[in-house]
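Chains as they are written, first to last, in the working numbering: chain Z, 1 to 516; chain S, 1 to 343; chain B, 1 to 351; chain C, 1 to 308.
If you are wondering where the hints come from, they were derived from the structure by calculation, not from laboratory data.
Careful, some of the hints might be misleading.
[As the list claims (entries may be wrong)] Calculated lysine-lysine pairs in the DSBU-like style (CA-CA distance at most 30 Å, straight line): (1) C:Lys190 x Z:Lys376; (2) Z:Lys138 x Z:Lys12; (3) Z:Lys331 x C:Lys190; (4) S:Lys55 x S:Lys10.
[As the list claims (entries may be wrong)] Some chain C residues judged to face chain B by a derived CB distance under 7 Å, without partners named: (5) Ala115; (6) Leu116; (7) Thr117; (8) Ala240; (9) Val243; (10) Ala246; (11) Tyr250; (12) Leu269; (13) Glu272; (14) Gly273; (15) Pro275; (16) Tyr284; (17) Leu289; (18) Ala292.
[As the list claims (entries may be wrong)] Sample of chain Z residues lacking proximity to chain B, with all beta carbon distances greater than 10 Å (derived): (19) Arg80; (20) Ser236; (21) Asp289; (22) Arg293; (23) Arg342; (24) His348; (25) Asp352; (26) Gly357; (27) Pro382.
Backbone N, C-alpha and C fix where the C-beta goes; we use that ideal spot for every residue, glycine too.
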Amino acid sequence: MQMTGDETAPQKALVEFREIGKTYPNGTVALRNVSFQVIEGDILAVCGENGAGKSTLMKILAGIEQPTQGTIHYEGRQRRIADPNVAGDMGIGMVHQHFSLIRSLSVAENLALGQEPRRGLLIDRRAAADRVRELAQKFSLDVDPNTKVGSLSVAAQQKVEILKALSRNTRLLILDEPSAVLTPQETQELFVQLRSLRARGVTIIFISHKLHEVRALANRITVIRSGEVVEDGVLSEMSDAAISKLVMGVDVTRASRNQRDLSAATPVVVVKKATVATGDADRRIDAIDLTIRAGEILGIAGVDGSGQEGVVDLLCGNVQPDEGDIALLGKPMALATTLDWRRAGMAHLPGDRFQIGGAPHMSLVDNVMAGSHRDKQFTRGPFLRVGAMVARTNELIKTFNVRCLGPREPLNSLSGGNAQKLVAAREFSSNPKFLIVNQPTRGIDVAAAAMIHGELLRLSQNGTAILLVTSDLDELLQLSDRVAVMFDGRIAVVLENDGLTPERLGPFMLGLEKTS
Amino acid sequence: PSSAQAADAKRAIFLANGTLGDKSFFDSAARGMQDAKAKYGDDLEIRIVEMGVDKSKWRSFLQDASEEDYDLVFTITFEIGELLAEIAQEYPDQNYVLIDGFLPEGAGDLQNIYSVVYKANEASYLAGVMAAGMLAEGTNVKGTHLGMLGAFDIPVINDFFLGYVTGAQSVKPDVKVAVSFAGSFEDAARGKELSLAQYRTGTAIGFNVAGLTGLGQLDAAKETGQWAIGVNSDQELIFRESDPALADRVVTSVMKNIDVTVARTIDLLFEDAVPLGQFEALGLKEGGVGIVKDGVMASVVSDDVKAKIDAAETAIINGDIVVESAFGKDTAEIEAIRTAVRP
Amino acid sequence: MIRAAFASTAITAGFCLFVLLVVLVPVALLYPEPGEVLSRFLLGPFEKTRYMGNIVELATPSMLTALAVVLMFRCGAFNLGVEGSFFLGGLTTAAMVLWMPLPPLVGIPLALLAGAIVGSVVCGIPGIVKATTGASELVSSLMLNYAAVFIGLFVLNYYLRDPTAAMLSSDRFPAEYRFESLIPRTRIHIGSIVAVVACIIGAIYLNRTSQGLEVRISGTGNDFSRHLGLNSVALNIRIQVIGGMIAAFAGGIEMLGLYSRFTWQNTTGNGWTGVIVAIIARDNPILIIPAALFIGYLQVGGDLVSRAFGVPTEIVSLIQALVMICVTSVAIFQHPALRKFVQGDRGGAAQ
Amino acid sequence: MMDLAASLLSPEFFAAILRVSTPIILVAMGVLISERAGVVNIGAEGMMLSGAFCGVVFSAYTGSATVGLVAAIVAGMVGGLFMSFAVHVLRANLFLSGIALNLAASAGTILALFALTGEKGISGTLDSEVLPSVHIPWIQDLPVLGTILSGHHILTYVAFLSVPAVAIFMMRTPTGLRMRAVGENPEAAKATGLSVIRLQLQAFLLCGVFAGAGGAFLSMGYVSWFSQNMTAGRGFIALAAEVMGAGGAYGTLAASLLLGSVDVLAIALAGEGLPSELLQAAPYVVTVLALALYGLRQAKQKTIGTVH
Ligand SMILES: Nc1ncnc2c1ncn2[C@@H]1O[C@H](COP(=O)(O)OP(=O)(O)OP(=O)(O)O)[C@@H](O)[C@H]1O
Ligand SMILES: Nc1ncnc2c1ncn2[C@@H]1O[C@H](COP(=O)(O)OP(=O)(O)OP(=O)(O)O)[C@@H](O)[C@H]1O
Ligand SMILES: [Mg+2]
Ligand SMILES: [Mg+2]
């Protein structure tokens, strides 16, 4: 852990953590004895597995949580960061892992919140809007001050978040997994902007689970494991393997796909000219044709909001097509509800595990058994066989390596990655004929992601037809047999994945190229 | 307060099957208790207990009172008669008084209850005579007919109504009476709004039988310059000091003298002469009911009308006039009478 | 696990007592014999069989209304129609008993069933309105409570009234329809047993049946149940109808258990008590039983001091209001020190 | 029947609507503020009752209607403090705290009235003041409009003026913006540095201001005394109006006026021989119908809105 600095720049610490410890009121020890420095002008990557304590540490720095032990020194002086306002005054801005925007308010209102420009007693709306334009121009982030945040795409919301964090003369910008919800293009764009911020003298702390992003952006890295700092140094001096081992404590092997010819396999899902013209604009689809065969993983690529969600809605029964046909193993499904789809053998791992994929306040047993709670195996007449359910849950917890205190704990006591594994366990274990996976590894650590990837490949080998929607192109290309690229609610092209590259997909994703 | 009581003091308890502050029967009975206390001092121990509106709890209050050797347990209103009869059977050694309520049929031979009802219809008859008299004279009234504001369409209230109507008809056979019900005993604002609607559509004199809701009528009368008639307590007196202009609009009030009955019964207790096992219906003759004559009425009502009232009173006392009662009439009969006099 | 559960119950009970004391002592000091006031309030309810009977009598309807509330809350419906359902249930049961000349063995269940069905509309309609139009069930059920009372009074006045009775009431129920007291010197009737059993069944239903699991899932919000393909709209309506039926059934039981004729002229407050009990029971059907008994105990204790010392009923209401707030106070119940004490050394293990 | 039609079209009928709606509007504005800040206030009824009581008592002892109104408002705010203490400090259930406030206000006002006057029912013996009515120059001389619009209680005008004021407050002022943020997403608001508790406390206090004024309207103008439980459920009606208005000030005004109109209609029909019970049920049934229709329209608009 020898720190050989960058000779050219002066080594001035902007922030110094001294023996920070944090125990949450429920007894969870999130951090213990964390000590390291953030050097002024650096882009520091903070890495670590799910639940390692990264967000907690950053929340402490941003004044949202208070440490239960230790001190923070900012510009050489010990400071107590009592609340987010203090942090703001100190020049610390944070982009949260889960957005802290108010959806019904406009961009300008969101940015002004807490420090509204006034004209008399009222908010000076024009000044607020001007402030947004000014900031947007200064940081070359393009947003319209008067649109409602709720109607913005995720990427645009991310920009608003960043602008908000920068809106108070910010000298230290913290980004907690900013890229988790972005497409690769958007991520690239974000990085350009972050670099230019650094050039303006803003120090940046950046949390990510994606090593290549860390490499592309950061110059230093701090690795946290189980609430303790296990590495703190210059990035260029460390190999990927070393970092990955530091993060996980073990080596992680990536699952990989065998090239297969599936053209003769039974078509499981057949979609013909399906159109959905109502509902949210970015969920509409237009004359979609798709076939997914038994054992095949069909990946869907596309810029966020190109209609991927619409396809998922359509194939899990959330919406019925206005026009066109769908069949599952020859059975017409155009009018089918979610329940019909599930009965016919569909399973679905959604993007949002706490809202859609599970009930945060219910126990792990309830979360795992929901859906199979009417199976003969787990019922006796109208009654549940609780013993059998608990046994089954324990079994799945074991096979999917879910880290938890026990099956009776609530789902929200799990970290994001472990919750995702639990939801995956429920969906994957039903032996689906057709499986939809939507952003399966968003925001979860490398080991958990590898485990889920392995399971997906295993299922496909057993004949499950899988629809994979992901904005992570590496993941997409690693797992898919074929890739359908969507643009503006249509399928622009379907490509065999025989050595496809992101560059090959790019023009289709951006609508520059089209083949029917 | 018990320390100062004489050892052989008489003990009486009043169980209000509701809450005090109704400006009506409960308050009146409580007043009677207090009058008696003032009279007998340490020789009398009184207790006033509110049983609340939850009817399922009344029985246990009665049972408790029965087990604590009071000399007399007072209860009032029609709602409790049946329950009291059951309790009285359960505690044959305890003595009770039921005021303003009937015992159920077949309970008549209970020897430990003294029960009293009022002929409110008789006093209302006088109010009707007065109102119709003023209307017929037309000198200081504005409007074409009479009005009444009730809380609910229930027998006790309809009994007032019937007396009022028949009294009015005796003076002015074609008299019309508008009737509104508020659906509450506590909503004075609604009482006022209903009364305003009546006064604005031709009601000259209103009669309120609706507890606190009814007081809203007085405010409406003040605002429109019309007349009101109160009930169960002298409503003029409530406001005489604080709002004379409003008090001036209350011509009279129809009284059930519950306080008098309570105090008198306690007198009888000291004489060991409570007529247990008996039932009395107190009307004008017995002084159990009446109308307030010495307030606004004295100056506002003409001697001619006053004479009519006195004549009617005498006739009722002599038994020459028998005023109809709403008790025992079914809903359709009452409704028919209301329809007949609707303006 | 069991030790913790037991300790937590014991602490809850001890705490309720503590709060009660804190609120009660200043009031007691206003009276010449404060000690007597206290002991009357706290111990009085256990002095006589009859008082304990009163506790149970008061707890019986609120157990059932609380169960109705818990079921609806757990399903995500903030429906306060129990008050109106209770009223209409009582009225309909009374009407059936009076109109249907059947032997009690058939007549009573039939009357209760009819009451349950008619009374269920007050909770059911807001459920249906919510499902079809999205209008808040909280507000429409509050409004329907009032409507139910007035419509009920209309029926009473025009169709059920006993003209020979001096008050607005129905005819007397035939004696054989009224529930008999199970324990001498009390009016504890079969309904109390029914209520306890219903709470137990409610707990089994919620926690141990497939449909109960669906109810709980629906209660957590729409997305997850939609993801699973559950028809939570239909389930929601069904639960609100069932909730209404339970509350209305409670009204019928109250009617046949404690009354000899229908005499209600307003809602009885049993629905609101049910809401209070449900919240105190933290939406757990089994905890309804002690919570309802606790509220009944407060009422009986309050009544006793108001009878014995003339403490105004209003003071008793104030005490009850404060105690209610305190026993649901998270700040107190989940205070770290208290939790630590209850959970023993379980704390730091969460990793 | 002719009479009825005439009375329904009379200016007095419309004036009555304004009068009957006033307390609903005032309290609904308070409920709106607290609801938008994320704390639905079931206790508005209790705040209103305390306001009605304190207005009478303080105006009687000081001889000043203004002091009475201020006292009513302060009483409402004390109710707000009570709610905030229960919800934020004790962290008790919001619903239950509201129910408890209603209970406490009902019991507390009766006790206090008894302590002051020896009466539990009515403050008739207190010589309390009423707030003035306002005659608007010019308008009062107009034939029909004069009766409808002029000569109302001052708080009626305040109620109507408070609607745009609340709209501007919620939509255009920093505090209103912050309250909406806290109500919509407390976590996010907290991360932004807003104090959720302080803003919700302010919302409770403002709700108390309006509810207290609504109570003062009842006891210092509508009638000129306090009587037990005189609010008679108007706090709950205000809650309904706010929901029907979907949280917007103008929508809430419209809903309050609708509820007021139905009530006044029922009052006008009271003498027409319909069963009184059914007339009394009517406003509540209409409320539910209106809620349903409004919900239906909302749902429809949503689907239409998204097609384009
Ligand atoms: N509010 C909280 N209350 C209790 N425990 C918490 C809370 N927030 C986080 N924790 C726990 O603290 C630990 C660290 O969480 P933290 O959010 O810092 O992890 P992380 O490193 O950000 O993980 P991820 O990569 O999944 O974002 C975890 O065990 C988590 O369960
Ligand atoms: N009050 C709490 N009690 C217990 N655990 C909590 C609490 N609040 C948050 N946590 C847990 O702390 C963990 C960290 O929270 P955080 O918001 O950083 O999500 P996360 O783990 O990073 O998930 P993801 O990265 O998938 O969004 C979560 O797993 C969450 O369940
Ligand atoms: Mg995190
Ligand atoms: Mg994460």
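Right, here's what the structure says about each hint:
1. C:Lys190 x Z:Lys376: violated, 47 Å
2. Z:Lys138 x Z:Lys12: holds, 26 Å
3. Z:Lys331 x C:Lys190: violated, 50 Å
4. S:Lys55 x S:Lys10: Measuring from Cα to Cα gives roughly 29 Å; hence the hint holds.
5. Ala115: violated, 10 Å
6. Leu116: violated, 14 Å
7. Thr117: violated, 14 Å
8. Ala240: holds, 5 Å
9. Val243: holds, 4 Å
10. Ala246: This interface hint is violated because 10 Å lies over the 7 Å limit.
11. Tyr250: violated, 19 Å
12. Leu269: violated, 14 Å
13. Glu272: violated, 16 Å
14. Gly273: violated, 13 Å
15. Pro275: Holds - the Cβ of Pro275 (chain C) comes within 7 Å of chain B, reaching about 5 Å at its closest.
16. Tyr284: holds, 4 Å
17. Leu289: violated, 9 Å
18. Ala292: holds, 5 Å
19. Arg80: holds, 21 Å
20. Ser236: holds, 33 Å
21. Asp289: About 26 Å separates Asp289 (chain Z) from the closest Cβ of chain B, which puts it past 10 Å; holds.
22. Arg293: holds, 24 Å
23. Arg342: violated, 5 Å
24. His348: violated, 7 Å
25. Asp352: violated, 8 Å
26. Gly357: Non-interface label fails for Gly357 (chain Z): nearest chain B Cβ at 7 Å, not farther than 10 Å.
27. Pro382: Given that some Cβ of chain B is not farther than 10 Å from that of Pro382 (chain Z), nearest at about 5 Å, it is violated.
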